[in-house]
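Trainee: Okay, here's what each chain looks like letter by letter:
There are 2 protein chains.
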Amino acid sequence: MTEAVASNQAGLKAEISDFKRRRIREEACHLFYKHGYESTTLDAIAAALNVTKPFIYGYYKNKSELLMDICSTGISLSLAALDEPELDKRPHSDKLRRVVERITKLILRYQEYIVVYVREEKNLEADQARFIRKQRNAFDHKLADILLKGQKTGEFSVDDPLMTANTIGGMLTWVSLWFVPGGNWSETEISAHLMRMVSAITTHHSMEHAYAP
Amino acid sequence: MTEAVASNQAGLKAEISDFKRRRIREEACHLFYKHGYESTTLDAIAAALNVTKPFIYGYYKNKSELLMDICSTGISLSLAALDEPELDKRPHSDKLRRVVERITKLILRYQEYIVVYVREEKNLEADQARFIRKQRNAFDHKLADILLKGQKTGEFSVDDPLMTANTIGGMLTWVSLWFVPGGNWSETEISAHLMRMVSAITTHHSMEHAYAP
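First to last, the protein sequences are chains A and B.
Be aware that the first sequence starts at 921, since it is given in this note's numbering, and climbs by one per residue.
Be aware that the second sequence starts at 921, since it is given in this note's numbering, and climbs by one per residue.
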């Protein structure tokens, strides 16, 4: 998201400004993750970066704007991952695998952002929370659209594309809540596992068991 | 969990004591859900129940004990759902379906408890957090054990039972984070969907796509 903004602006000055904004956001996210949003002051964020509070005000008008930027990171990047034009040339099943792979990578890279979003969504202002919910909704619909199109070509077999898209989003998001870097499972293992899971729930043809009494 | 305790104790007095404890926990959970753990005082919980703070101290020694009781509710009940002896007589695939059905029901019934756990886990004391993590671990292993046993009988086909169990747990928990009572999807629709999803990821036989370059 921020990277895209930077490349649309001109020159090194914009890049540096963007870099500073990103570092503030990163540090704020880390402190929100460790101590909670409510217990973290702008003073603490400034201290962690060894800058003054007015420096932060040059980039964020208040703590709430910071929280919004952090909370919208995961969903904005995930939406962008769905929209990459190069994926449109591929078969739907390929596209879905690439999307799952990319979003898993994003979730592992931005793990603390996702966790802060899940925990602190309640502290967003009403219009901010609504905006993010709309983006999540758009994500589910775009993903459901891939499932529907792949259903038409016979690549997928899905009962309820929208609910399945929601479940896929949940399976991916879930990783942020338990993944431990350097723990039992590597990023590649997790990514491969999730690609298998998504493949299974989108191509399964014998579901009669699920309805048996 | 609490229901079981009550039935092990003697008579109406124990039942009433248990009822009071449950009501305190319920109200605390609702306030933690609405306002966050840190912003909720024992005074606010007492006021919501129209009782005194000493009344609460008769059941919970502090706010932290309340949070622990709330956070462990979902996992304790889910573990109990895995252990119901009557399920042991059934084929593993039946057992898995029943377990998914029961846990989905629990998650919808105790939705606010699960959400408070996900959000406020960071506020648990270290030994409390460790205890719950051990229970979650035990849950994943017991569920993986069902998958392994069903694999041996040819009912299931699973690559990594433990990671798959974790993913199933995540798919079910996810519901608590988005379900809106009276919203687009009914409890039955969600339950049927999750049973299909779990059936798909445990019986899928053609996964070669997931590995394609």
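What the hints contain is simulated information worked out from the structure, not anything from laboratory work.
One should not assume that every hint holds.
[Claimed, not checked] Which residues of chain B face chain A? A few of them, derived with a C-beta cut under 7 Å, are:
#1 L962
#2 V971
#3 T972
#4 P974
#5 Y979
#6 K981
#7 N982
#8 E985
#9 M988
#10 T1087
#11 G1090
#12 I1121
[Claimed, not checked] Every beta carbon over 10 Å from chain B, so not counted as near; a handful from chain A, in silico:
#13 E958
#14 A1001
#15 D1008
#16 K1069
#17 V1095
All C-beta atoms in this analysis are idealised placements derived from N, C-alpha and C, irrespective of residue type, glycine included.
Trainee: If a hint holds in the structure, say so; if it does not, say that too.
Mentor: For each hint, the structure was consulted:
no., hint, in the structure
1, L962, "violated, 18 Å"
2, V971, "violated, 26 Å"
3, T972, "violated, 27 Å"
4, P974, "violated, 28 Å"
5, Y979, "violated, 26 Å"
6, K981, "violated, 23 Å"
7, N982, "violated, 18 Å"
8, E985, "violated, 20 Å"
9, M988, "violated, 17 Å"
10, T1087, "holds, 6 Å"
11, G1090, "holds, 3 Å"
12, I1121, "holds, 5 Å"
13, E958, "violated, 6 Å"
14, A1001, "holds, 18 Å"
15, D1008, "holds, 18 Å"
16, K1069, "holds, 16 Å"
17, V1095, "violated, 8 Å"
Comparing the model with each earlier hint shows violations of hints 1, 2, 3, 4, 5, 6, 7, 8, 9, 13 and 17; every other hint is respected.
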